[in-house]
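Engineer: Given chain A's structure and the hints, the job is docking chain B onto it.
Protein chains in written order, with the numbering used here: chain A, 529 to 924; chain B, 529 to 924.
Any given hint could turn out to be false.
[As the list claims (entries may be wrong)] Just some of the chain A residues that point at chain B, by a computed CB distance under 10 Å: (1) Val587; (2) Leu721; (3) Ser747.
[Said to hold, decoys possible] Here are the simulated DSBU-like cross-link-like pairs (lysine-lysine), alpha carbons at most 35 Å apart as the crow flies: (4) Lys557(A) x Lys765(B); (5) Lys789(B) x Lys789(A); (6) Lys557(B) x Lys789(A); (7) Lys557(A) x Lys851(A); (8) Lys735(B) x Lys789(B); (9) Lys765(B) x Lys816(A); (10) Lys765(B) x Lys789(A).
[Said to hold, decoys possible] Covered by chain B, per the in silico footprint, the following chain A stretches (three or more residues, Cβ under 8 Å): (11) 789-797; (12) 883-893.
Rather than coming from a laboratory, the hints here were simulated on the basis of the structure.
Beta carbons are placed, not taken as given, at the ideal position from N, Cα and C, and that holds for glycine.
Number of protein chains: 2
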Amino acid sequence: MHHASDILLSLFIIFVAAQIGAEIATRIKLPGVVGEIAAGCIVGPSLLGLVVPNEPLEVLAEIGVVLLLFSVGLETRLDDLKKVGRSALLVGVLGVVIPFAFGSLWAHTSGFDWSKSLFIAAAFVATSAGITARVLQELGALQRVESRVILGAAVIDDILAMLLLGVVVALQAGGEINVGSLLVVLAEAIGFLAIIGWVGTRVMRSKSHWLDRPANPLSPLTIVLALCLGLAFLSTKFGLAAIIGAFLAGMIASETSQREKLEHQTQPLLALLTPFFFVLTGSKIDLKELASAEALWMLAVVTLIAIASKFAGGFLGALSLGKRSASIVGVGMVPRGEVGVVIASLGLTAGVFSPRTYAVIVAMSLLTAMVTPPILAWQLRRHAVKPAPDETAGPA
Amino acid sequence: MHHASDILLSLFIIFVAAQIGAEIATRIKLPGVVGEIAAGCIVGPSLLGLVVPNEPLEVLAEIGVVLLLFSVGLETRLDDLKKVGRSALLVGVLGVVIPFAFGSLWAHTSGFDWSKSLFIAAAFVATSAGITARVLQELGALQRVESRVILGAAVIDDILAMLLLGVVVALQAGGEINVGSLLVVLAEAIGFLAIIGWVGTRVMRSKSHWLDRPANPLSPLTIVLALCLGLAFLSTKFGLAAIIGAFLAGMIASETSQREKLEHQTQPLLALLTPFFFVLTGSKIDLKELASAEALWMLAVVTLIAIASKFAGGFLGALSLGKRSASIVGVGMVPRGEVGVVIASLGLTAGVFSPRTYAVIVAMSLLTAMVTPPILAWQLRRHAVKPAPDETAGPA
Chain A
529 MHHASDILLS
539 LFIIFVAAQI
549 GAEIATRIKL
559 PGVVGEIAAG
569 CIVGPSLLGL
579 VVPNEPLEVL
589 AEIGVVLLLF
599 SVGLETRLDD
609 LKKVGRSALL
619 VGVLGVVIPF
629 AFGSLWAHTS
639 GFDWSKSLFI
649 AAAFVATSAG
659 ITARVLQELG
669 ALQRVESRVI
679 LGAAVIDDIL
689 AMLLLGVVVA
699 LQAGGEINVG
709 SLLVVLAEAI
719 GFLAIIGWVG
729 TRVMRSKSHW
739 LDRPANPLSP
749 LTIVLALCLG
759 LAFLSTKFGL
769 AAIIGAFLAG
779 MIASETSQRE
789 KLEHQTQPLL
799 ALLTPFFFVL
809 TGSKIDLKEL
819 ASAEALWMLA
829 VVTLIAIASK
839 FAGGFLGALS
849 LGKRSASIVG
859 VGMVPRGEVG
869 VVIASLGLTA
879 GVFSPRTYAV
889 IVAMSLLTAM
899 VTPPILAWQL
909 RRHAVKPAPD
919 ETAGPA
Chain B
529 MHHASDILLS
539 LFIIFVAAQI
549 GAEIATRIKL
559 PGVVGEIAAG
569 CIVGPSLLGL
579 VVPNEPLEVL
589 AEIGVVLLLF
599 SVGLETRLDD
609 LKKVGRSALL
619 VGVLGVVIPF
629 AFGSLWAHTS
639 GFDWSKSLFI
649 AAAFVATSAG
659 ITARVLQELG
669 ALQRVESRVI
679 LGAAVIDDIL
689 AMLLLGVVVA
699 LQAGGEINVG
709 SLLVVLAEAI
719 GFLAIIGWVG
729 TRVMRSKSHW
739 LDRPANPLSP
749 LTIVLALCLG
759 LAFLSTKFGL
769 AAIIGAFLAG
779 MIASETSQRE
789 KLEHQTQPLL
799 ALLTPFFFVL
809 TGSKIDLKEL
819 ASAEALWMLA
829 VVTLIAIASK
839 FAGGFLGALS
849 LGKRSASIVG
859 VGMVPRGEVG
869 VVIASLGLTA
879 GVFSPRTYAV
889 IVAMSLLTAM
899 VTPPILAWQL
909 RRHAVKPAPD
919 ETAGPA
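Chain A with its partners taken away, still in its complex shape:
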């Protein structure tokens, strides 16, 4: 009975802190999500200590970000993604290669041996689609061509990051790299995405009238929520992030005639659950480990490399859209968020990182997540909406 009391208090504090943080951020013209992350840092263990991340809160956060990416998927059609396929692929690949190269160079010149350096560099790689998606959604910019490139690139990015992580973990453990098994993993992930994305959308397009039948006992919302949870689980089975599966589920559901109603019904779910993700993300910044000039200097360098290299990858990859759009894409790819945190945790457990390196990598991930939203918001407001070009077709 007492335990229920503690957890309810945490839920209340997180929920209210998120609202206050978002409100303050909005008043000073920052995206609400920045305020939610900052609120998490304040109520978290390193300052007020009102909220301590634990397993139930992590699960709520996970459900929150899964639903967020589901709702982003609801606003995205496969055909729209296909139109920007080439740019997205280029952004995804360059956005992994450049940060990985610069990250490992920095780590090696800082005195880590090569196998550790590659592990550290892996934390520079994976873009967190959650943060960017939330900003794009807050600003109603999900229909812009840059948003589609970013979302498509985030999927590719996730596949490459997964492969890379497999490689560096194997190297660190002193194992050999089995190119054959890596190719199998790659093929499985791509196969999963292709089959679910392609078949799912096609089935939904031709069969979605079934959802509207009055004889159908389940509401469309129930069916798509089951799809969302199921694909989120399946994508973890293929080594991908749960949010990729949730995004796919949303994209499939966007083909139904019920799309608008579903978007509407998803709102209360997002209102209740996404704050847990952003507040918990913020609560993981350990300010104490960073309270030295040396640590802060390391953090500054790491963060700059992380931002510059990812921006470069996104910018170069999207250059065919023009410089302005390319710089929006570059900025949109910058946030690392929870993926960097996960890799840093792996490194800490494996003894690759010292507590300070861990704190720096986590803080870097979260700093990239905090600086991106205001810049992205400013860029999107400044540049007018650009219609999506069609890269698949010849002269239309």
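Structural biologist: Quick look at chain B alone, frame taken from chain A:
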């Protein structure tokens, strides 16, 4: 990464099992909630073992039932409850006294000493408002006078059960009963309910236009969700169940002009989260401990006493409404659900119950929860709606 995968699989299985269970139950004319509990029993550890209750799932279940009682509160006004105050009080008191008396008599004649018998009897007492509320809501019967009596009585029941639990735990531990401190606990709980209920509704009635102002940055849904989590927490601090606070929050929110919109927005939250409560409830039935003629016989006797004594309390208490309504109230008070489970767990931990007694008490709690919904649904369909009388006023 792997762990996220496991929990997502559990979420998916629970959600889908609930939908399938509810659908089958509806087809054979049972309330959906019976199907959800049965589905939990099937996917739970004692049969398929696909879902094992753990802390994150318990928290989701708790949030689910909190939101359920919040939504029930949204359909209930304080004035409506006041009108049935006298009947509700009588039902609440008799519904505690009679089951407690019969429960302790049975336990004592079965060979337990008096202090253990009183502990066991405490598990006979507390009505689980969640199950009944869900059936009433499924049937659209929350506006009926019987529903109001049941909901009012559930609040009183919870106060008394809390006091009783304090007494039996103290007795069992060999301590003395301090009447003074019990009175303080009682006064605090009643004071909490009265102040929140009375002041909250009044403030909301006079200030709810504030929610509609366009300058208000937070949506009404966000504000009432914060209220719901906050009062759920506070009510645990006053020794009451979290769902009592959530019910109060809903009742307060029902005074706003936004009530209908809020009801609408709560639906997707209920669709996602309440299945976790009912499936988890069902998953706790340990069929293996019950697989002997002796255990089954004990279960049958205990369940019969639990049902008959609670029905008698509710029926006698509500007799002023007429026999038909009184029998609806009597049946509506029968489910014990999670409260009996909690008391049984306390007893197991304290060494008062053997594993079999524990399994029997848990199974009894859940059996009462499973047999009630179909009977209640049948009664409500059979008897036409009865308008609520006004017990506070003289000749209206």
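Engineer: Each hint needs a verdict: does it hold in this structure or not?
Structural biologist: These are the hints, each one checked on the structure:
no., hint, verdict
1, Val587, "holds (4 Å)"
2, Leu721, "violated (17 Å)"
3, Ser747, "holds (7 Å)"
4, Lys557(A) x Lys765(B), "violated (38 Å)"
5, Lys789(B) x Lys789(A), "holds (15 Å)"
6, Lys557(B) x Lys789(A), "holds (29 Å)"
7, Lys557(A) x Lys851(A), "holds (25 Å)"
8, Lys735(B) x Lys789(B), "holds (17 Å)"
9, Lys765(B) x Lys816(A), "holds (33 Å)"
10, Lys765(B) x Lys789(A), "violated (39 Å)"
11, 789-797, "holds (count 5)"
12, 883-893, "violated (count 0)"
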